[in-house]
Amino acid sequence: MKSYRKELWFNTTQRRELINITPEIRECLRESGIKEGLLLCNAMHITSSVFINDDEGGLHQDFEKFLERLAPEKPHSQYAHNTYEDNADAHLKRTIMGREVVVAITEGKLDFGPWEQIFYGEFDGKRRKRVLVKIIGA
Amino acid sequence: MKSYRKELWFNTTQRRELINITPEIRECLRESGIKEGLLLCNAMHITSSVFINDDEGGLHQDFEKFLERLAPEKPHSQYAHNTYEDNADAHLKRTIMGREVVVAITEGKLDFGPWEQIFYGEFDGKRRKRVLVKIIGA
Amino acid sequence: MKSYRKELWFNTTQRRELINITPEIRECLRESGIKEGLLLCNAMHITSSVFINDDEGGLHQDFEKFLERLAPEKPHSQYAHNTYEDNADAHLKRTIMGREVVVAITEGKLDFGPWEQIFYGEFDGKRRKRVLVKIIGA
Chain A
1 MKSYRKELWF
11 NTTQRRELIN
21 ITPEIRECLR
31 ESGIKEGLLL
41 CNAMHITSSV
51 FINDDEGGLH
61 QDFEKFLERL
71 APEKPHSQYA
81 HNTYEDNADA
91 HLKRTIMGRE
101 VVVAITEGKL
111 DFGPWEQIFY
121 GEFDGKRRKR
131 VLVKIIGA
Chain B
1 MKSYRKELWF
11 NTTQRRELIN
21 ITPEIRECLR
31 ESGIKEGLLL
41 CNAMHITSSV
51 FINDDEGGLH
61 QDFEKFLERL
71 APEKPHSQYA
81 HNTYEDNADA
91 HLKRTIMGRE
101 VVVAITEGKL
111 DFGPWEQIFY
121 GEFDGKRRKR
131 VLVKIIGA
Chain C
1 MKSYRKELWF
11 NTTQRRELIN
21 ITPEIRECLR
31 ESGIKEGLLL
41 CNAMHITSSV
51 FINDDEGGLH
61 QDFEKFLERL
71 APEKPHSQYA
81 HNTYEDNADA
91 HLKRTIMGRE
101 VVVAITEGKL
111 DFGPWEQIFY
121 GEFDGKRRKR
131 VLVKIIGA
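Chains as they are written, first to last, in this note's numbering: chain A, 1 to 138; chain B, 1 to 138; chain C, 1 to 138.
Next up, chain A with everything else stripped away, as it sits in the complex (with noise of 0.2 angstroms):
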């Protein structure tokens, strides 16, 4: 069994960002010379997303939204995790847009169908955060 691992970074200007990443994740899959296997993308923070879906603009403000109507940022006061803190609204959007995706490697690609892209979501962003990719397989 071969294994690879790898960190991706980010520093959106934004408080919330969507960056599509599928780019680099096939750079990843490309060094890891792996054909046949799964592979996990995850955030490695708790106020931010990696996720599938569509890369459309309309799209994208729809999921902004939707999050500000399900986990609103503001009044900050609303939230008991807002002490020190102002970014609760961050871990409740990341809960609903998820942590990880597990994307299947077959013949040494990403096993797609046609609009799937993968996306870093940032929800508590303007500093340094990380992604994770870590593929096993053969």
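In short, the hints are calculated from the structure, not lab data. A portion of the hints provided could be inaccurate.
The list makes no distinction among identical chains, and a pair is therefore deemed to hold if it is satisfied within one copy or across any two copies.
[Said to hold, decoys possible] Taking lysine to any residue and the SDA-like style, the derived pairs with C-alpha atoms no more than 20 angstroms apart in a straight line are:
{"#": "1", "residue 1": "K126", "residue 2": "H60"}
{"#": "2", "residue 1": "K126", "residue 2": "G113"}
{"#": "3", "residue 1": "K129", "residue 2": "W115"}
{"#": "4", "residue 1": "K129", "residue 2": "D111"}
{"#": "5", "residue 1": "K35", "residue 2": "R5"}
{"#": "6", "residue 1": "K126", "residue 2": "P114"}
{"#": "7", "residue 1": "K74", "residue 2": "Q14"}
{"#": "8", "residue 1": "K65", "residue 2": "A80"}
{"#": "9", "residue 1": "K35", "residue 2": "Q14"}
{"#": "10", "residue 1": "K2", "residue 2": "E107"}
{"#": "11", "residue 1": "K6", "residue 2": "E68"}
{"#": "12", "residue 1": "K35", "residue 2": "D111"}
{"#": "13", "residue 1": "K126", "residue 2": "W115"}
{"#": "14", "residue 1": "K129", "residue 2": "D54"}
{"#": "15", "residue 1": "K6", "residue 2": "K35"}
{"#": "16", "residue 1": "K6", "residue 2": "G113"}
{"#": "17", "residue 1": "K35", "residue 2": "S3"}
{"#": "18", "residue 1": "K109", "residue 2": "R130"}
{"#": "19", "residue 1": "K6", "residue 2": "E36"}
{"#": "20", "residue 1": "K2", "residue 2": "R130"}
Bear in mind that the values here come from a model prediction, so they are computed numbers and not experimental data.
We have chain A already, so just place chains B and C on it with the hints.
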């Protein structure tokens, strides 16, 4: 390490349907011959879901109401994604329900609790769509 | 390829509780002797959850409010599932929080960011329920 791959195809008669795919997944596992490992089952489309829950009709009605409350289909015009599309709600519903499940394989069986069943969740149906089954192990 | 399996049992005193199970998971990993691979930890019941977030009491209160807002327990009669049961809300809450986590194993350790902790989320407790830990690797 052994690996196995199969696509399952669906073409629902309604826009939204929940389909118990546990028998098909069991058949994949049998075909694979894998006794110990991990099974990944994921939607290959970004408006559908694979998830684990109870096969109980009342609960499935509750899921429909819950998803329509959190991410209503109509009016279609409420979503920025819906210019040429009308399925933004399906992207959001699938986000709540999840893209994928990972299941332990032990002694050649799905290592499940008493009520766990795997479902395909279609949120933008009436066309051919796919689920991927990937199993790795020994 | 090595594999390892263990069940962890819980019997909460309240209907809803969040329990940090990271120490038990670390002990499983140590027992397994696996150095590189993937660890799956999932609820074996469909009214409970395994998820990764922060071990902070204020945030856990925020989760309770958030889940009760999105999928309120009462009145029980609002759910079609609640004929002989009263736990439809627990099925929905577990859907939001997720069934499972997959964690990278690197050099014999949980490959975690600084604040990641694994929780068992019970939403229909006061009875014996299980979590599965499965590890594969080398």
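These are the hints, each one checked on the structure:
1. K126 / H60: within (19 angstroms within a copy, 25 angstroms between copies)
2. K126 / G113: between (32 angstroms within a copy, 18 angstroms between copies)
3. K129 / W115: between (26 angstroms within a copy, 12 angstroms between copies)
4. K129 / D111: between (27 angstroms within a copy, 15 angstroms between copies)
5. K35 / R5: both (15 angstroms within a copy, 13 angstroms between copies)
6. K126 / P114: Only across copies: K126 and P114 sit 17 angstroms apart there, 32 angstroms inside one copy, limit 20 angstroms.
7. K74 / Q14: Answer is within: at 16 angstroms inside a copy they meet the 20 angstroms cutoff, but 31 angstroms across does not.
8. K65 / A80: between (23 angstroms within a copy, 10 angstroms between copies)
9. K35 / Q14: Neither, since 37 angstroms and 38 angstroms both go past 20 angstroms.
10. K2 / E107: Classified as both; 15 angstroms inside a copy, 13 angstroms across copies.
11. K6 / E68: Classified as neither; 32 angstroms inside a copy, 38 angstroms across copies.
12. K35 / D111: For K35 and D111, only the intra-copy Cα distance (11 angstroms) is at most 20 angstroms; the inter-copy one is 23 angstroms.
13. K126 / W115: Classified as between: cross-chain Cα gap 18 angstroms, same-chain 29 angstroms, threshold 20 angstroms.
14. K129 / D54: Between copies only: 16 angstroms across, 23 angstroms inside.
15. K6 / K35: Both, since 17 angstroms and 16 angstroms are each at most 20 angstroms.
16. K6 / G113: Result: close only across copies, 13 angstroms inter versus 24 angstroms intra.
17. K35 / S3: Both. Shortest intra-copy (11 angstroms) and inter-copy (10 angstroms) distances satisfy the 20 angstroms Cα cut-off.
18. K109 / R130: Answer is between; shortest inter-copy Cα gap is 18 angstroms, intra-copy 23 angstroms.
19. K6 / E36: Both: 18 angstroms inside a copy, 13 angstroms across copies.
20. K2 / R130: neither (23 angstroms within a copy, 29 angstroms between copies)
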